[in-house]
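Asker: In order, the protein sequence lines correspond to chains A and B. Heads up: the first sequence at position 425 corresponds to 425 in the numbering used here, and the numbers run straight through without jumps. Heads up: the second sequence at position 164 corresponds to 164 in the numbering used here, and the numbers run straight through without jumps.
In case anyone wonders, no lab produced these hints; they're calculated from the structure. Note that this is a predicted model, so its numbers are computed, not measured. Worth double-checking, as some hints may not be accurate.
What the hints assert, rightly or not - Here are the simulated distance ranges between beta carbons: (1) A/LEU461 with B/ASN199: 44 to 50 Å; (2) A/LEU179 with B/PHE21: 58 to 64 Å; (3) A/LEU342 with B/GLY47: 52 to 58 Å; (4) B/GLN98 with A/TRP123: 42 to 48 Å; (5) A/ALA335 with B/ASP153: 43 to 49 Å; (6) A/THR224 with B/GLY133: 56 to 62 Å; (7) B/GLY133 with A/GLY289: 39 to 45 Å; (8) B/GLY133 with A/ALA335: 45 to 51 Å; (9) A/GLY289 with B/ARG81: 56 to 62 Å; (10) A/TRP123 with B/LEU134: 22 to 28 Å; (11) B/ALA196 with A/ALA335: 37 to 43 Å.
As the list claims (entries may be wrong) - Negatives, chain A to chain B, calculated, CB over 12 Å: (12) PRO55; (13) MET141; (14) ALA163; (15) VAL164; (16) ALA288; (17) ILE364; (18) CYS366; (19) MET424; (20) GLY425; (21) LEU479.
The beta-carbon is built from N, C-alpha and C at its ideal position, and this holds for glycine as well.
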Amino acid sequence: MNPTTAVTATSRVQTLDWSAALKDAGLAGLVALLLTLPLVGLRTIEVQSRLTVEPHLAEVALTALLVFLGRLGLTLAAAGLARPVLAAATLALAAGWVLPFPTEALRVLMVIGALVVALRALWALHRRHDRLSQQERDRRMDHLGARFQDATRLIGPAAVMLAVALPFLPFADRATLDLGILLLTYIMLGWGLNIVVGLAGLLDLGYVAFYAVGAYSYALLAQTFGFSFWLCLPLAGLLASFAGVMLGFPVLRLRGDYFAIVTLGFGEIVRIILLNWANFTGGPNGIAGIPRPSFFGIADFTAAPEPGRLAFHQLFGLQYTPLHRIIFLYYLILALALLVNLFTLRIRRLPLGRAWEALREDDIACTALGINRTTIKLAAFAIAAMFGGIAGSFFATRQGFISPESFSFIESAIILAIVVLGGMGSQIGVVIATLLVIGLPEVFRDLAQYRMLTFGAGMVLIMLWRPRGLLAHREPTLLLHPRQSAFRRQAEAGGRP
Amino acid sequence: MNRNPDDGEPLLAVDHLSMRFGGLVAVNDVSFAARDRQITAIIGPNGAGKTTVFNCLTGFYAPSVGRLTVSHSGQRWWLERMEAHRIAGAARVARTFQNVRLFGGMSVLENLIVAQHIKLMRASGFTLAGLLGLPVYRRAERAAVELARYWLDRVGLVDVADWQAGNLPYGAQRRLEIARAMCSEPRLLCLDEPAAGLNPRESADLSQLLTFIRDHHRIGVLLIEHDMSVVMAISDHLVVLDYGRKISEGPPAVVRHDPAVIRAYLGEDEDESESEDRADG
């Protein structure tokens with residue numbers, strides 16, 4: 001890069017501080033060096049049944065260099081040197097394919113890095129004069145969110161119709177339905193947690209505890225007393241909401257971070273009790289052979305029913321296929337998830353739901369208006385726990401086997417990520433976030449080791465790009481002037497009164 | 001300005017209220033009364049303990065010593081023993097805050113509906129009837145919206161009823177907070193510096209609004225205010241605090257000539273109008 005062209009190119013936009021750019025890139029390279037040195041640079045290998053450390057210093061140096069160049073490219077592209085950076089990045093992109101690399105990972109790093117830099121440069125070229133402030137960007141994204149929210153009036157029913165029709169579509173095989181069930185389970189959990197986190201604004205990091213209580217309630221009730229699934233489902237919900245109240249009483253005095261930490265602890269306590277109370281819960285071995293649900297108690301999903309019982313395919317005069325049960329489970333979770341959604345949509349328009357949202361906005365003002373914070377929070381907790389418990393008992397009957405492993409903290413984190421990514425309190429946001437968080441990694445299961453990497457990268461990107469979640473727009477639940485949506489009135493007035 | 005002096009039991013009686021924070025005595029043995037259909041103003045220099053009195057009244061602090069009695073509708077409540085939400089809900093004491101506390105992410109109308117929570121919660125059968133969509137609840141909600149519309153009209157915010165409350169300009173947020181407190185249908189309205197940050201025109205509007213509330217809704221208003229133009233114009237009764245003690249009490253015309261007040265608050269040996277102006281800041 002010729003310094004004179006650099007000056008002419010940047011004089012229009014802003015002067016480029018070369019030493020700062022180099023220092024910044026050098027720092028990034030140093031961080032990369034420090035990180036890769038122990039992780040990549042030193043590898044333990046087995047030589048004749050002995051472990052030895054093998055240095056990979058070339059890879060470390062190359063990684064640091066690539067990070068240095070990439071960071072420099074990003075800085076320069078932002079500082080007005082977009083065109084030369086774009087050329088260099090394209091060159092690097094091409095070179096990445098042909099150059100010999102010591103490992104494939106480095107090749108991937110180079111290609112992806114060059115691609116990111118090139119995209120950044122293209123973006124800088126595209127809107128050189130249009131540097132938006134964070135606030136302006138937020139407003140635009142909110143605008144977009146509002147447009148999308150308007151569109152959900154159509155998208156929502158269409159998505160439900162698609163979900164209902166899915167088992168009868170030609171491409172619907174066992175794998176698709178299983179994925180559908182998995183997605184719907186998480187959607188239900190997301191919607192359930194949305195009540196506590198999105199509406200009431202209580203950061204609950206232990207939601208999976210209620211999922212576990214529901215699952216074990218069903219498994220134990222069904223195995224010990226022989227209760228049917230249809231009796232256990234509400235019972236499991238009840239027990240889970242009881243657990244929610246039990247947790248709620250001591251915890252709800254806490255606020256913010258402290259609250260989050262205690263719920264996290266509660267989630268772990270439940271898991272550890274399940275693990276250690278072996279003669280009740282089966283301990284780490286879990287519970288196997290959990291009864292499958294019947295067709296509303298009328299018929300079973302088996303090829304050859306027990307004497308005196310009816311089989312589903314006999315009832316409807318169909319050919320027996322194991323898919324029947326999967327389809328039934330799919331519809332069951334779809335109905336349960338939609339029930340939660342319906343409940344939330346409805347409760348938002350009721351005093352209880354409005355009080356939750358008010359609590360999220362300002363709990364002191366709530367108290368000053370005579371709202372009893374404790375009961376309101378307890379209600380949110382109990383209701384969300386109930387839905388979690390119902391989802392849990394569905395999980396138990398679908399899997400047929402449960403163990404404490406299924407209820408680790410990472411599950412809570414994933415459900416929370418779904419709610420936060422979707423945009424706190426947004427119902428359709430939860431669906432989209434579930435598709436992203438659960439759906440994409442499932443679809444790209446073949447990419448094995450890069451799966452979680454892309455998941456993490458996606459999370460970081462969304463946090464940078466939309467810190468309030470994908471669809472963080474909120475429509476009022478009640479309008480005084482119903483003809484126009486509030487958002488449009490505000491947009492027309494330019495967002496300022 | 002001594003309109004119908006009510007000789008019966010006062011709406012609010014504060015007896016020997018003291019509040020200590022460790023070694024600091026923020027309020028020291030203060031007694032006063034606030035009557036129904038009167039505006040009672042608490043004034044005093046910064047740090048005199050005015051907001052502490054408010055926080056004791058509304059249950060945000062538990063007073064160290066003292067009795068706070070609210071009596072209306074033939075009943076009596078001892079506020080020092082009640083939880084904050086019961087003070088608002090049962091004793092019907094509503095308050096606003098020095099730094100406006102609205103539900104910023106919710107719409108203006110929703111703010112006013114949340115203020116009617118207790119009434120609506122009962123009408124919705126504690127959510128059950130509401131979930132089923134029974135007409136009882138729908139009627140109650142319509143009535144709540146009408147009450148909200150009435151107060152929006154009073155404070156001039158009808159046009160922006162569907163806006164996010166957080167997007168309103170500051171003066172409008174202040175008015176909305178008063179409207180929200182009134183929507184909870186209080187018997188005693190406590191306002192913590194409602195004129196802070198308002199321009200003279202807005203202050204005049206505020207004075208009008210407060211006298212309207214007193215005269216037409218026939219409730220008691222308790223006011224902390226620094227803006228002397230508002231205080232002197234509308235209050236029926238003044239309580240002056242300094243360093244946590246009550247140094248004077250009475251109608252504005254009397255208090256403004258009380259040497260103790262002039263010494264402690266308005267400054268010594270100065271022309272009255274001048275010192276009033278100074279107190280404005």
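Asker: Determine which of the earlier numbered hints do not hold for this structure and return their numbers in increasing order.
Answerer: Numbers 6, 8, 10, 11, 17, 18, 19, 20 and 21, in rising order.
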